[in-house]
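Enquirer: Each chain is listed here by its residues.
Protein chains: 2
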Amino acid sequence: MYRTHNCGQLRLTDAGSSVTLSGWVSISRDFGSLTFVDLRDRYGITQLVFDADARPELRQQVQQLGREYVIRVKGVVRERSNKNPNRETGDIEIEVNELDILNQSKTPPFTIEDNTDGGDDLRMKYRYLDLRRNPVQQNIIFRSRLAIETRKYLADQGFIEVETPFLIKSTPEGARDFVVPSRMNPGTFYALPQSPQTFKQLLMVSGLDKYFQIVKCFRDEDLRADRQPEFTQIDCEMSFITQEEILNTFEGLAKYLFKTIHNIDLGDFPRMTYDEAMTRYGSDKPDLRFGMEFAYLKEAVSGRGFAVFDQAENVIGIVAKDCEDRFSNKDMKELTEWLQRPQIGAKGLVYVKYGKDGIKSTIGKFYSDEDLQRIGEVCGAQQGDMLLILCGETEKTRKQLNELRLEMGRRLGLIKEGAFKPLWVVDFPLLEWDEDTQRFYAMHHPFTAPKQSDIEKMKSSDRAVLGNLRADAYDMVINGVEIGGGSIRIFDKELQATNFSLLGFSPEEAERQFGFLMNAFEYGAPPHGGIAFGFDRLCAVMSGQNNIRDFIAFPKNNQGRDVMIDAPSAIDAGQLKELGIEVKSQS
Amino acid sequence: MYRTHNCGQLRLTDAGSSVTLSGWVSISRDFGSLTFVDLRDRYGITQLVFDADARPELRQQVQQLGREYVIRVKGVVRERSNKNPNRETGDIEIEVNELDILNQSKTPPFTIEDNTDGGDDLRMKYRYLDLRRNPVQQNIIFRSRLAIETRKYLADQGFIEVETPFLIKSTPEGARDFVVPSRMNPGTFYALPQSPQTFKQLLMVSGLDKYFQIVKCFRDEDLRADRQPEFTQIDCEMSFITQEEILNTFEGLAKYLFKTIHNIDLGDFPRMTYDEAMTRYGSDKPDLRFGMEFAYLKEAVSGRGFAVFDQAENVIGIVAKDCEDRFSNKDMKELTEWLQRPQIGAKGLVYVKYGKDGIKSTIGKFYSDEDLQRIGEVCGAQQGDMLLILCGETEKTRKQLNELRLEMGRRLGLIKEGAFKPLWVVDFPLLEWDEDTQRFYAMHHPFTAPKQSDIEKMKSSDRAVLGNLRADAYDMVINGVEIGGGSIRIFDKELQATNFSLLGFSPEEAERQFGFLMNAFEYGAPPHGGIAFGFDRLCAVMSGQNNIRDFIAFPKNNQGRDVMIDAPSAIDAGQLKELGIEVKSQS
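Line by line, the protein sequences are chains A and B.
Position 147, counted from 1, in the first sequence is what this note's numbering calls 149; the numbers after and before it change by one each time, with no gaps.
Position 128, counted from 1, in the second sequence is what this note's numbering calls 130; the numbers after and before it change by one each time, with no gaps.
Some hints could be false.
For lysine-lysine, the following BS3-like pairs were computed, each having C-alpha atoms within a straight-line distance of at most 30 Å [to be verified]:
| no. | chain 1 | residue 1 | chain 2 | residue 2 |
| --- | --- | --- | --- | --- |
| 1 | B | K579 | A | K154 |
| 2 | A | K218 | B | K459 |
| 3 | B | K257 | A | K108 |
| 4 | B | K108 | A | K586 |
| 5 | A | K332 | B | K218 |
| 6 | B | K257 | A | K154 |
| 7 | A | K287 | A | K335 |
| 8 | A | K261 | B | K257 |
Treat the hints as calculated values from the structure; they're not laboratory data.
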């Protein structure tokens, strides 16, 4: 037997007991005849004492012990003279009388400590050692707990977890598929699912009524820091359901998770239409942890001879409270340059500082102090505040000002640590026009139902009318991050065909790709809808962190590589031959 | 709102309530002014009554209703005059006063009934309709429940569920991998995991201590009836653990599942070594629901001038109780031919019938009645019994006799319905010699630890010695089906290298394929071991069924095809080009 207890378990009440422990040597301190070893496992750290006077036969072995050696000890629990109140086992130590070295360890390439000296690349290559560090291990344990509680809530609500297939059919719509050549059916390919969307809808046609699955999904996209080629969704679908009922069910899930895990009452989620979110925050995932709402100033600033504003489609400002004296001219120049980077692309930044010693502004030439005072009143700026203004085409300006708002929130420290501000964004557009390809794309996905009142308008050929169609689609947003999104689905074959045609599918193409779903709609499809949550992201947001990679046991890097196992890699010629495919030489 | 209650919910105590129900029209019976409709959903069936006299305005709509139409009704619950005791809602019916047809349905290609008229192929093509049938739906719900209870047990035992990656590295050892071409790293491939084996071992190196995952795995094998290219495992691994502790932990899981779900106490599992199982039953997964153990007769039958027996390496019999008069000469001929089919390959079948009117045997020419009586005594045959004997090379004969034993068990109805007979088979061989390739393969997998006492023998070059090495490997068997298997793992780099070399890996090959694991072993790998259960098979066995396909929502057929969605299928030339691969023309 390797252990009677784990390394986080023993307390003062165990004093006098004979125990066996196993674990890793975390730290070893040699004080001549006494050697203290911190023995570590998943559950905690227990102090071992080797007394060379009492057990001279252990002396030699103890001296061999290096960091991360794996050992088993037998000994007696005793009270510590020098207690450690920061450790749950801090009242006791083990007086060791038997020691087995179970495995040795080379010196790890970085320290196994909360604040390691290992860089990102090294920690990825030795991910199995990085996972030994407490903060990383706790993330993985947190993820497991979150999955358990999610399943508990959904099962209690009558949801059935159904596993949908991974080897499915490629559908060019949406992101790129990963494909899998079929050996038994040469020349053909499976695709890995980008989501179980069509299968969960088929399960509704099957009458499963309430489905969920915590499931891996795959997208072959060029990766950003917060994207992974494989990621996990909490995927849900319900039948005979209204949007209102779906929002309540999954608001309930979020409330349950925050209450159970963080003991935080989220309260009822505010709801905001897409239009309102864009108008007030320039984003469909506004961060409500701070204010700084958009003020529309076009009217207030027009007619003073400042051509830039006069000619702009829109002029929008935000008020940064009590900070007019915190930004020097140099700071403002740097902030302007930050906004002018291609990622944001603002032309320039106008500011008005409402200082104690008067008003300072980049547009003082065109506007009198009275004008600026009046503009300040329009947007609620008071003495001590700074007004930041962008102008131009409405949609672009909103996006730029959204970036500026978030940046100001960060710079001014307006985001309280541990605060969680959820909301629902509803009434998303059905379609989104793409200038490059000159066609509409589905804003959510092609199965999303238009609002009942907008169905007639789908017959229009007016791009403006089509662009304004609204869908029964909704996103759950927490702290400015889209945690989940979903929609009421189309369940009528004709309406689905109309939607495919708006998305540029020929009837043949729609039939080829989604014929099975449209056929299913002919056999009594119920009204249904659902939602999918990004599970990796939910883990990160609930932990107040940004990087989803920290919550994935074995993540891929930005090139889609697993540097630990060295994948992807070349495969044998024999494998390729069996699959009936050839690698084209790279030119 | 679509419903206030589901179709399995209302009882007599609800009489008088106004309710809204939605569901599918299961049956509609028209009795002139009264029409009765059975409304069905996942939860049950509720009877609706449309009274044409009271609600003439509904008459026309009601007449339109066809099978599988989706409707919503509002009405009042009332007591039924003609109660249906076989249905939980059988005491009530709904007097309908409002009807909405939510969706129509074409006539389904087969009846949505427990005993459908649909053939296998048709039901697969319309799997979403097959899943509407109660027995199929219940299988899927059973699976969901089994997953919930499995997770509950393991989480309560301190196991952490960790998601391991799906896009990993191809390793030619074992079954064929499905591979995934990488677009971002042209010319290279990911592989889909055949199991998370190496990752769970790395998690043990990471100190996760107790890992589990219910996870999809992939094997590109030629399919048999009970195999699927994608299948689900309950995958588990533990550190600082002995085989004994693993067996107890997972015997506990099986007991918990049977108790919770079936209210069956399995009792303690018998344990049998591989050698004993092969000796007594000719199988490493013996079905203990009936006896008929092997009797070794070589000694008893030798020296009577019957060359077939005299020259055979072994002569083995089984006794079929009380059935000497149940098999005619024709039956025996048919049974012999059954044994001689190439799948089994027996040369012939010898029998001795111990009848009331004397002994009848195919070997009466060589053996006197006294001889046969004595042979009967050796194997415990009594008057009324039939002794069936095969002979030849020991291993082959055992396998053939195992088939005969199972067949006799079925034919004689010895297998009691609802009986569950579990056992552990332990001490499997480490290596298995393959005549075709003239090399050893790992009987379990290359990471399995040899028994401590056999480690020295691994240095031998004697094939017989190596073939007799025993491993700390074990299978859980229930009713003759291998439900799960696992082993204690090697956690020492040198021993792992020795094992790879016995398996014919060059050091370079081992390094290329498993270098990351062997490197991990150098940084303090703990002793560890684990097990994996076939979750699809566990579902089937616990339900007393054979076909795992019935427990998979969307299974593939024997050609690896999903005939419902038509996958695998051709993909766009553009996709292939992006991936840098070409389909070779089929010659």
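Enquirer: The structure should be examined with respect to each hint, and the outcome stated for every one.
Expert: Each hint, compared with the structure:
The hinted pair formed by K579(B) and K154(A) fails the criterion: a straight-line CA distance of about 45 Å is larger than 30 Å. A C-alpha spacing of about 44 Å is found between K218(A) and K459(B), which places the hinted pair above 30 Å, so the restraint is violated. Of the supplied pair hints, the one linking K257(B) and K108(A) is violated, its CA atoms being roughly 42 Å apart against a limit of 30 Å. Straight-line distance between C-alpha atoms of K108(B) and K586(A) comes to about 48 Å, which puts the hinted pair past the 30 Å bound.
As the CA atoms of K332(A) and K218(B) are separated by approximately 57 Å, the hinted pair breaks the 30 Å bound. Proposed proximity of K257(B) and K154(A) is supported: the alpha carbons are some 22 Å apart, at most 30 Å. Among the hinted pairs, K287(A) with K335(A) is consistent with the structure: their alpha-carbon atoms are about 28 Å apart, no more than 30 Å. Under the criterion of a C-alpha separation no larger than 30 Å, the hint pairing K261(A) with K257(B) is inconsistent with the structure, at around 33 Å.
Taken one by one, the earlier hints fail for this structure at numbers 1, 2, 3, 4, 5, 8, listed in ascending order.
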